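Undergrad: Read off the chains here:
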Amino acid sequence: MKLSYLPGCTLKTKAQDLDLSTVAAMEALDVELEELPRWNCCGTVFSFADDDLMHQIAPVRNLIRAQEQGGDKLVTVCSFCFNTLKRASLLVKENSDKLDTLNTFMDEEEDYTGNINVVHLLEVLRDEVGWDQIEGKVQNPLKDLKVAAYYGCTLHRPKEAAIEPPNKLEALNDLITALGATPVDFPDMTTCCGSYQAVANPEIVINRTREILSSAKESGAEMIAVSCPLCECNLRENQKELGELRMPIIYFTQLLALALGVDPHLHQCEKNPADARSFLESKGLLAACTAAE
Amino acid sequence: MKKINPKKTDFIRKVKEISGQNIGLCYQCGTCSGACPNFAESDILPRQLMRRAQLGMEQDVLQSKLPWVCASCLSCTALCPRGIDIAKVMEAVRLLSLRENIDYVNPRELSEETIAKLPQIALISSFRKHTA
Amino acid sequence: MEATETKMIPIYIMGKRYEVPEGLTIMKAMEYAGYQYIRGCGCRGGICGACGTIYRKPGDYKIYSALACQTAAEPDMYLTQLPFFPANHVPSNYAELEGVPEDIYKLYPELFRCVACNACSKICPMDVPVMDVIAYIKRGDIEKAAFEAFDCIQCGLCTSRCFAEAPQFHIMQLARRIYGGKLAPKAKHNAEAAQAVREGKFDAMLNQLMSMSTEEIKKEYIEREIEPETAGDDWKPKDAKWLIEEFLR
Ligand code: SF4
Ligand code: SF4
Ligand code: FES
Numbered sequence: 001m002k003l004s005y006l007p008g009c010t011l012k013t014k015a016q017d018l019d020l021s022t023v024a025a026m027e028a029l030d031v032e033l034e035e036l037p038r039w040n041c042c043g044t045v046f047s048f049a050d051d052d053l054m055h056q057i058a059p060v061r062n063l064i065r066a067q068e069q070g071g072d073k074l075v076t077v078c079s080f081c082f083n084t085l086k087r088a089s090l091l092v093k094e095n096s097d098k099l100d101t102l103n104t105f106m107d108e109e110e111d112y113t114g115n116i117n118v119v120h121l122l123e124v125l126r127d128e129v130g131w132d133q134i135e136g137k138v139q140n141p142l143k144d145l146k147v148a149a150y151y152g153c154t155l156h157r158p159k160e161a162a163i164e165p166p167n168k169l170e171a172l173n174d175l176i177t178a179l180g181a182t183p184v185d186f187p188d189m190t191t192c193c194g195s196y197q198a199v200a201n202p203e204i205v206i207n208r209t210r211e212i213l214s215s216a217k218e219s220g221a222e223m224i225a226v227s228c229p230l231c232e233c234n235l236r237e238n239q240k241e242l243g244e245l246r247m248p249i250i251y252f253t254q255l256l257a258l259a260l261g262v263d264p265h266l267h268q269c270e271k272n273p274a275d276a277r278s279f280l281e282s283k284g285l286l287a288a289c290t291a292a293e
Numbered sequence: 294m295k296k297i298n299p300k301k302t303d304f305i306r307k308v309k310e311i312s313g314q315n316i317g318l319c320y321q322c323g324t325c326s327g328a329c330p331n332f333a334e335s336d337i338l339p340r341q342l343m344r345r346a347q348l349g350m351e352q353d354v355l356q357s358k359l360p361w362v363c364a365s366c367l368s369c370t371a372l373c374p375r376g377i378d379i380a381k382v383m384e385a386v387r388l389l390s391l392r393e394n395i396d397y398v399n400p401r402e403l404s405e406e407t408i409a410k411l412p413q414i415a416l417i418s419s420f421r422k423h424t425a
Numbered sequence: 426m427e428a429t430e431t432k433m434i435p436i437y438i439m440g441k442r443y444e445v446p447e448g449l450t451i452m453k454a455m456e457y458a459g460y461q462y463i464r465g466c467g468c469r470g471g472i473c474g475a476c477g478t479i480y481r482k483p484g485d486y487k488i489y490s491a492l493a494c495q496t497a498a499e500p501d502m503y504l505t506q507l508p509f510f511p512a513n514h515v516p517s518n519y520a521e522l523e524g525v526p527e528d529i530y531k532l533y534p535e536l537f538r539c540v541a542c543n544a545c546s547k548i549c550p551m552d553v554p555v556m557d558v559i560a561y562i563k564r565g566d567i568e569k570a571a572f573e574a575f576d577c578i579q580c581g582l583c584t585s586r587c588f589a590e591a592p593q594f595h596i597m598q599l600a601r602r603i604y605g606g607k608l609a610p611k612a613k614h615n616a617e618a619a620q621a622v623r624e625g626k627f628d629a630m631l632n633q634l635m636s637m638s639t640e641e642i643k644k645e646y647i648e649r650e651i652e653p654e655t656a657g658d659d660w661k662p663k664d665a666k667w668l669i670e671e672f673l674r
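Chains as they are written, first to last, in my numbering: chain A, 1 to 293; chain B, 294 to 425; chain C, 426 to 674.
In case anyone wonders, no lab produced these hints; they're calculated from the structure.
Given the structure is predicted, the values throughout are model-derived calculations rather than measurements.
Straight-line C-alpha distance at most 35 Å; calculated DSBU-like pairs for lysine-lysine:
(1) B:Lys410 x A:Lys146
(2) B:Lys410 x A:Lys217
(3) B:Lys410 x A:Lys12
(4) A:Lys271 x A:Lys159
(5) C:Lys531 x A:Lys12
(6) A:Lys98 x B:Lys309
(7) B:Lys410 x A:Lys159
(8) A:Lys98 x C:Lys569
(9) B:Lys410 x C:Lys611
Can you build the whole structure from these sequences, using the hints too?
TA: And the structure:
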């Protein structure tokens with residue numbers, strides 16, 4: 001299976017591990033992610049204003065790039081990209097007048113026809129590959145690993161753009177289970193990490209991190225699995241001050257790659273005092289992949 | 294009978310226009326306030342902002358901290374029993390300031406350390422929500 | 426003898442109509458119309474970026490751009506020069522830059538306000554895909570940015586159109602400088618030549634030239650062997666002793 005893929009800006013720099021582990025793991029599952037040959041930043045946050053189309057240009061331009069590539073699906077893994085592109089795709093699908101305005105404005109591009117379905121990698125894993133298939137391909141079961149599945153905001157809100165119905169937080173837990181690990185009962189799966197307030201009001205992010213980490217600790221988790229590079233950064237950077245609450249933060253794709261026996265790309269882990277690499281090593285879970293490396 | 298202040302109705306109209314939300318629907322249950330993770334950093338609660346907006350209290354609303362500590366997490370929106378997309382109301386209030394060319398964040402005043410540490414998505418989204 | 430009549434065409438400069446001979450560049454047409462260039466003109470060869478011009482055509486909503494020194498005036502062009510557009514250049518200590526994208530982010534964080542409107546690429550008279558270059562920088566691909574922005578001549582027209590209020594041409598220049606000085610593989614032959622200069626291998630040649638009289642130098646110059654226009658890559662002068670390879674040997 002071959003699918004169009006938009007990694008996003010952060011996945012090419014600070015969250016390279018997310019991009020690399022995604023591509024490696026999907027290859028092991030016989031899904032070829034074909035990066036769009038030309039793409040721009042999606043804008044990262046969906047504009048909520050009814051009268052603002054200026055900020056819909058960036059996501060819709062990417063939908064045009066996906067259309068140019070010929071598929072009907074665009075895969076994302078960064079939660080920010082997913083949410084922004086998904087919501088923009090729904091907005092123009094439901095409002096032909098807005099789509100017309102955008103097409104007229106982008107007169108240097110071919111018209112967007114409204115038919116690209118934006119999906120998150122978790123949806124591909126669930127709907128195209130299937131948990132059973134994944135379980136069958138696990139080479140290195142993540143035994144005795146207790147993981148808190150942390151969705152953050154943008155995979156689940158708003159419900160029109162969510163990867164599953166509200167109150168049905170299953171995909172990430174199902175994946176963790178398929179990999180042989182144990183998802184813990186974690187009440188803060190969709191609690192906001194403070195997001196972009198890291199820039200203007202960092203104390204908000206510190207408070208959210210404390211809350212989320214304590215809740216994860218209480219639920220017995222040994223690490224937190226995320227899909228969003230900003231959640232990853234916020235939870236990692238702010239735990240430096242949080243002593244015994246510290247815990248490794250890992251991209252779900254790194255766990256997936258690790259279980260499938262391919263390179264989990266744990267290159268940037270050491271930025272966290274609670275380093276995922278040494279933790280997984282101490283659990284004896286890296287042996288298989290170091291052998292593969 | 295007292296005449297309605299046209300400035301007030303104008304403010305209400307603008308909020309409705311930008312947000313696309315009927316703020317009149319709010320019946321002050323406070324679910325949003327309970328859902329908002331950032332209420333402690335704000336001066337007023339989401340429910341209170343909604344009430345002030347309904348009443349056209351422009352200055353109270355525009356000067357409130359709430360829209361600026363809002364992280365667009367949609368916790369309020371997800372739970373509102375009246376189906377109001379409160380996050381969109383927050384955005385409308387932010388835009389009423391930003392469209393006057395008043396920035397909340399000045400990119401050039403951020404510390405080098407902040408810029409180097411944070412991923413691009415943090416900076417981009419902050420500038421989108423906090424600069425004109 | 427009868428002079429052939431030159432066809433005159435109307436153009437509008439800053440809103441005023443002038444009749445100018447057909448076939449002139451915008452720059453020459455403006456001079457014909459009586460403008461004298463003190464700024465807004467440099468090389469007259471399409472490379473200095475001083476003569477950025479914007480214009481419209483009748484019945485067309487589009488904004489067009491041109492280099493006044495390179496583009497022929499067309500009938501009914503409605504134009505003004507925009508030789509300069511304010512754009513703050515942020516000074517940096519080049520030696521301290523680390524050759525990472527954050528070098529650029531720290532100096533020009535406003536680049537993150539780009540909305541991908543593409544107004545910049547559309548106006549660029551050098552066809553630089555400015556929006557894409559900014560996109561490359563946003564994702565940290567300095568090499569790609571440097572190559573795609575190679576043709577920029579710093580005219581500033583992109584910056585005049587930027588929704589993000591970002592000075593793209595300074596940003597792109599920084600990307601090129603970082604790539605050129607810190608990321609691009611170093612040319613080995615260049616380093617070898619510089620080393621040869623330092624070691625004094627060229628001194629004798631220079632001293633010989635210095636000791637010649639003006640007359641002798643003129644004679645040498647006039648009688649020098651000139652590379653024929655059709656020469657291939659393997660062409661060598663008859664007297665090869667001055668070639669750099671000889672010195673490096
Ligand atoms: S990129 Fe900008 S400054 Fe450079 S040539 Fe094009 S318009 Fe001029
Ligand atoms: S004009 Fe500015 S905002 Fe628009 S695409 Fe170019 S750099 Fe981005
Ligand atoms: S005068 Fe130098 S580019 Fe036109």
